[in-house]
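Start from chain A and add chains B and C according to the hints.
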Amino acid sequence: MKQAVHDRGAWPTDAPIDRTEHELADWEVLTDALVHSLAGEGLMNVDELRRGIESMPPDAYERASYYERWLYSIETILAEKGVLAPGELDARLET
Amino acid sequence: MSEHGHDHPHEPIAGDDGPAAARARALEELLVEKDVVQREDVRRNVDWLVSRSPADGARLVARAWVDPVFRDRLLQDARAAALDLGLDPGPSPVVVAVENTEQVHYMVVCTLCSCYPRALLGPPPAWYKSLPYRSRAVSDPRGVLEEFGVELGEGVELRVLDSTADIRYLVIPRRPEGTADLGEEELAALITRDSMIGVAEPVAPASATA
Amino acid sequence: MTFRVGDRVRVADRVHEGHHRTPGYVKGRSGWIERVHGSFTNPETRAYGSDGLPERVLYQVVFDLEAARTYVDVFEHWLEAER
Numbered sequence: 000m001k002q003a004v005h006d007r008g009a010w011p012t013d014a015p016i017d018r019t020e021h022e023l024a025d026w027e028v029l030t031d032a033l034v035h036s037l038a039g040e041g042l043m044n045v046d047e048l049r050r051g052i053e054s055m056p057p058d059a060y061e062r063a064s065y066y067e068r069w070l071y072s073i074e075t076i077l078a079e080k081g082v083l084a085p086g087e088l089d090a091r092l093e094t
Numbered sequence: 000m001s002e003h004g005h006d007h008p009h010e011p012i013a014g015d016d017g018p019a020a021a022r023a024r025a026l027e028e029l030l031v032e033k034d035v036v037q038r039e040d041v042r043r044n045v046d047w048l049v050s051r052s053p054a055d056g057a058r059l060v061a062r063a064w065v066d067p068v069f070r071d072r073l074l075q076d077a078r079a080a081a082l083d084l085g086l087d088p089g090p091s092p093v094v095v096a097v098e099n100t101e102q103v104h105y106m107v108v109c110t111l112c113s114c115y116p117r118a119l120l121g122p123p124p125a126w127y128k129s130l131p132y133r134s135r136a137v138s139d140p141r142g143v144l145e146e147f148g149v150e151l152g153e154g155v156e157l158r159v160l161d162s163t164a165d166i167r168y169l170v171i172p173r174r175p176e177g178t179a180d181l182g183e184e185e186l187a188a189l190i191t192r193d194s195m196i197g198v199a200e201p202v203a204p205a206s207a208t209a
Numbered sequence: 000m001t002f003r004v005g006d007r008v009r010v011a012d013r014v015h016e017g018h019h020r021t022p023g024y025v026k027g028r029s030g031w032i033e034r035v036h037g038s039f040t041n042p043e044t045r046a047y048g049s050d051g052l053p054e055r056v057l058y059q060v061v062f063d064l065e066a067a068r069t070y071v072d073v074f075e076h077w078l079e080a081e082r
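Order-wise, the sequence lines are chains A, B and C.
The first sequence maps to residues 0 to 94 in numbering that gives the first Met the number 0.
The second sequence maps to residues 0 to 209 in numbering that gives the first Met the number 0.
The third sequence maps to residues 0 to 82 in numbering that gives the first Met the number 0.
Just chain A, with the same shape it has in the complex (with noise of 0.2 Å):
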């Protein structure tokens, strides 16, 4: 059975585990913060939080820093709850 791209445990993989410590920057501790007040408004709690994550294509997951899929996920599941309306993120983005 083929297993979705977050489900690693088991993944064919001889890579060694890089253990660098890497101090959180300033807007990862931010997105972290986020999802922490939207769950706290009741737009988004942590199964929805995964499943934005696990709804990436594959090698995007695989590509994105861990956080990166963190603001995939709330941009995702706020637009499907129609706080965030298409391309608005974007929009803003470039102004």
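Don't read these hints as lab results, they were simulated from the structure.
Below are the DSS-like pairs computed for lysine-lysine, each with C-alpha atoms no more than 27 Å apart in a straight line:
| hint | chain 1 | residue 1 | chain 2 | residue 2 |
| --- | --- | --- | --- | --- |
| 1 | A | K1 | B | K128 |
| 2 | B | K33 | A | K80 |
| 3 | A | K1 | C | K26 |
| 4 | B | K128 | C | K26 |
With beta-carbon atoms standing in for the labels, derived distance ranges:
| hint | chain 1 | residue 1 | chain 2 | residue 2 | range |
| --- | --- | --- | --- | --- | --- |
| 5 | C | G5 | A | A84 | 50 to 58 Å |
| 6 | B | P18 | C | G37 | 37 to 45 Å |
| 7 | A | E93 | C | A80 | 56 to 64 Å |
| 8 | C | D12 | A | A84 | 40 to 48 Å |
| 9 | B | S50 | A | E40 | 20 to 28 Å |
| 10 | B | D83 | C | G37 | 14 to 22 Å |
| 11 | B | A205 | A | A90 | 54 to 62 Å |
| 12 | B | D180 | A | A14 | 38 to 46 Å |
Partial selection, computed: residues in chain B whose CB lies under 7 Å from chain A:
| hint | residue |
| --- | --- |
| 13 | G14 |
| 14 | D15 |
| 15 | A20 |
| 16 | R22 |
| 17 | A25 |
| 18 | V41 |
| 19 | L48 |
| 20 | P122 |
| 21 | W126 |
| 22 | P131 |
All of these numbers come straight from a predicted model, not from anything done at the bench.
Virtual Cβ for every residue (Gly too), placed ideally from N, Cα, C.
Positioned in the frame of chain A, the structure of chains B and C alone reads:
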């Protein structure tokens, strides 16, 4: 200012000057403007996150090492034990502590994402969230421990815990030799984040001979 | 189905396209109940905006995998009794 040429390999730019950072900041602005979230609430959550470190987990373990009754309490109900010490066990409904012994060594992973007792240990290390760890902790845990420099004794049973649902796991590592004279605070200083995940042993006391 | 500590169980070997928390590496495998964690909301429905009720019982199931004894938290509706 760093330069990123077009032939830059496709690695995500984690710094605060990259595209993801701009996106996160723009998202916050948008959500605050639309009154979807309150800026103060976001700040509070940021503050809570940065306040988390392995220190609270180490306090729990140190107390368990010196007090057998507390150790039993911790094994029975880690959330309640944390509250007993005035610690914040976090929003996770259930934290379960497991104990390494002469016979058994536990190692924790979340193969599906990155579930981790963050309130007690701080944010998970990057390697814990990495694809190779999530895969090999299950398929090659002994190899992973070797990479981390842990050699399990002869006949020690290795147990891997995959946090797939609402439970967060905390490992009580074994108390090092030569620590009988140390107080709780000194003991806590030996207890590392990685020892509470199960990929390291606590630090040996400074006075210990090889 | 309700299980007790020590019961032998088998994880369903079924395809579930949506969000679920049963990892592929235990699907179809047999193990036994090590802990009864209690009841929790169902992530499979909560992930799609439902309240996740009724709660489902979550079990810690142990598998004797070749690499190591491996403990996985699995919801009751993924487990079948095994003799």
